[in-house]
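Undergrad: Sequence:
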Amino acid sequence: VETLERIGELNNTLIFVTADNGASGEGGLAGTFNETYVLNGMQTPFDANMRNYENWGQADSYPHYHAGWAMAGNTPFPYFKQSEHRGGQHDALVVHWPDGIKARGEVRSQYHHISDIAPTILQATGVEFPEEYHGIPQQPFTGVAMNYSFDAPDAPNAKKRQYYEMFGNRAIWVDGWKAVTLHANRMPWDVNVVQPFEDDVWELYNVEEDFSESTDLADKYPEKLEELKAIFEEEAWANQVYPMYDDMLARLNNVNYVLFGDKKEFTYYAPGAIRIAEKASAPVKGRSHTIETTIDLKGDEEGVIVACGGMTGGYTMYIRDHKLHFDYNFLDGVHYHLTSPKLPRGKTDLKFNFVLDRSKIDGTLKPWSGTGELYVQDKKVDEEYFEMMHISTYSLAETFDVGADYGTQVDKVYGGGPFEFQGELDRVVVTLTD
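By the working numbering, the letter at position 298 of the sequence shown is numbered 296, and the numbering carries on one by one without gaps.
Keep in mind the hints are simulated off the structure, nothing from the lab. Heads up, some of the hints might be wrong.
[Unchecked claim] Here are the simulated lysine-lysine pairs, DSSO-like style, with alpha carbons at most 30 Å apart:
(1) LYS378 <-> LYS261
(2) LYS222 <-> LYS296
(3) LYS296 <-> LYS157
(4) LYS321 <-> LYS296
(5) LYS378 <-> LYS410
(6) LYS222 <-> LYS157
[Said to hold, decoys possible] Derived CB-CB ranges, DEER-like:
(7) ASP432 <-> TRP67: 38 to 48 Å
(8) GLY361 <-> GLY103: 53 to 63 Å
(9) PHE195 <-> GLU52: 38 to 48 Å
(10) ALA236 <-> GLY331: 48 to 58 Å
(11) ALA234 <-> ASP347: 47 to 57 Å
(12) ASP432 <-> TYR146: 52 to 62 Å
(13) MET164 <-> ASP294: 29 to 39 Å
(14) GLU52 <-> GLU224: 47 to 57 Å
(15) VAL192 <-> ASN10: 35 to 45 Å
(16) ALA90 <-> ASP347: 53 to 63 Å
(17) GLY133 <-> ALA236: 16 to 26 Å
(18) VAL105 <-> GLU7: 24 to 34 Å
Quick caveat, the model's predicted, so the values are computed rather than measured. Yeah, the Cβ is synthetic: ideal placement off N, Cα and C, and Gly gets one too.
With the hints as extra help, turn the sequences into a complete structure.
TA: Put into C-alpha cells, the structure is as follows:
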C-alpha cells in the first residue's frame, strides 16, 4: 500500500479486505497445546494440556483456543468455522477504490459471496472473461459482480441465490431466506463422526429480518423449507458438490495413498530433496515400511539423514555421537527412540524397519501400533514397540527433508537448527513392504 501511494496509484487500485471463515472451534472443549490431536481424530486430554501449560503459546507449542472463545468471537451468529450457519461463513468485506467509488466510509447490506469478487474485478477493469483459453473451454464464474452497489446503497440484491457446503454441512440462501443443516450435529473438534445425510435436520431462517439466525422457522413454513432444499439440490448438482462425504479422518489418511497409487518404492537424493510437503512424501502412516541408506563414514560426521514432521509429531533418522538414532515423536511428548552401538568407519548400510501390528486393526480409525527395528550392516541392533502413532497428519506446516530437519525439530536432542548431515549422503530409499 505504501508503494502504491508513493507511485500515485493507490486511489486507482481496487483492494478487497475480508476473511476466510468464522472463528475456529477445532480447539474443542478443553483447548489444546497441540492442534495435531484433532487432525488425528483425538481430543486433547485435560491432563496433557496441564502438563504443557507453561509452554502454551511458546515456540514449542502448536496451540488452539477453547471452542468457547470461538463461539464468543462469532457472536451473535451460531456455531463455528466449518458450519454453514453464519458463525462459520459470515465475514466482513472492505472495498477500497477511491477513483471508482464516489462513496466514502459507507456500509452496504446487499448479499454477496466470495465468488462475486472475481466478476467484480473483471467489470471494474473492463476485461471480458474468455470462454476458452488456448482452445480449452473455461469453467464459467458463478458469481455476480457487486459494482452496482458501490454508488447505490439501496439497490436491490443482484444476487438471487447462493449454495454452501463443507464436510456435509449445507446451506442455501435465496432472496433473503436461508435453509441450513449442521450435518450429524457434528462439532468441528469431532472429525471422526459419520451419519447418513438423509438423517440431517434442516433449519429455516429469514435472514433479512433475523440477522443472527436466532429463530428457526422450519416448523412454521415447511413448504418454504422444502422449496429451498430443492433449490439446494439444483445448485449442488450444477456445481460439483456431489458426491458429498463426511468421513474426514479416513480421507485425511487416504490422501497419503491417493497421490501415489500402487507405488511402493520412493528414492530421494541429497542434497535436493528438502522442504517436501508431508503429504507429498512417502506414505508410511499405517504401513509396514523400511527406510534405508548407505553412508561412508570417515570420521566424526553427524547430522540428520532423513526427517519428516517436527515438534508436533513425525520421525527422524540421524547420526550423533557416532551412533545411529531413529526417533518417532507422537503427541504430548511421547517419543519412541532407537539407538545403535558406535558405527564403524567406511561404507555402512543403515536401515529402519517398521512392522505394522495388524492385530490392533479392528476397522475403526485409531492410532497405529507396530514394532520399529534398527539395522546396521543388516544386523538388528535395537527394537521397540511403538504403541501410539499418528493416523493421518504429523503437522500442517512441517516438511520431509533428506540430509537435514528444516522447520522445527522432531527430536530436541539435536538442538534448534536443521542439524544438516556433514558427511557424504547420496540417497535415501523408502519402501512400503505390505
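Undergrad: If you draw a straight line from the CA of LYS321 to the CA of LYS296, is it 30 Å or shorter?
TA: holds (14 Å)
Undergrad: Does LYS296 lie within 30 Å of LYS222 when you go C-alpha to C-alpha?
TA: violated (78 Å)
Undergrad: Tell me if the beta carbons of ASP432 and TRP67 are separated by a distance inside 38 to 48 Å.
TA: holds (43 Å)
Undergrad: Given a hint of 47 to 57 Å, does the C-beta separation of ALA234 and ASP347 actually sit inside it?
TA: holds (55 Å)
Undergrad: Taking the Cβ atom of VAL105 and the Cβ atom of GLU7, is their distance within the range 24 to 34 Å?
TA: holds (26 Å)
Undergrad: Taken at face value, is the distance from the CA of LYS157 to the CA of LYS222 at most 30 Å?
TA: Holds - the C-alpha atoms of LYS157 and LYS222 are around 19 Å apart, at most 30 Å.
Undergrad: Given the hint of 29 to 39 Å, is the C-beta distance from MET164 to ASP294 inside that range or not?
TA: violated (52 Å)
Undergrad: Go ahead and decide if the range 47 to 57 Å is satisfied by the Cβ distance of GLU52 to GLU224.
TA: Taking Cβ atoms as reference, GLU52 and GLU224 lie about 55 Å apart, which means the hint holds.
Undergrad: Between LYS296 and LYS157, does the CA-CA distance stay at or below 30 Å?
TA: Violated, because 71 Å separates the two Cα atoms, which is more than 30 Å.
Undergrad: Do the beta carbons of VAL192 and ASN10 sit within 35 to 45 Å of each other?
TA: Given a distance of about 51 Å, which is not inside 35 to 45 Å, the answer is violated.
Undergrad: Measuring from beta carbon to beta carbon, are PHE195 and GLU52 in 38 to 48 Å?
TA: holds (44 Å)
Undergrad: Could you see if the CB distance from GLY133 to ALA236 stays within 16 to 26 Å?
TA: Hint holds: Cβ distance 24 Å, inside 16 to 26 Å.
Violated hints for the displayed structure, listed by number in ascending order: 2, 3, 13 and 15.
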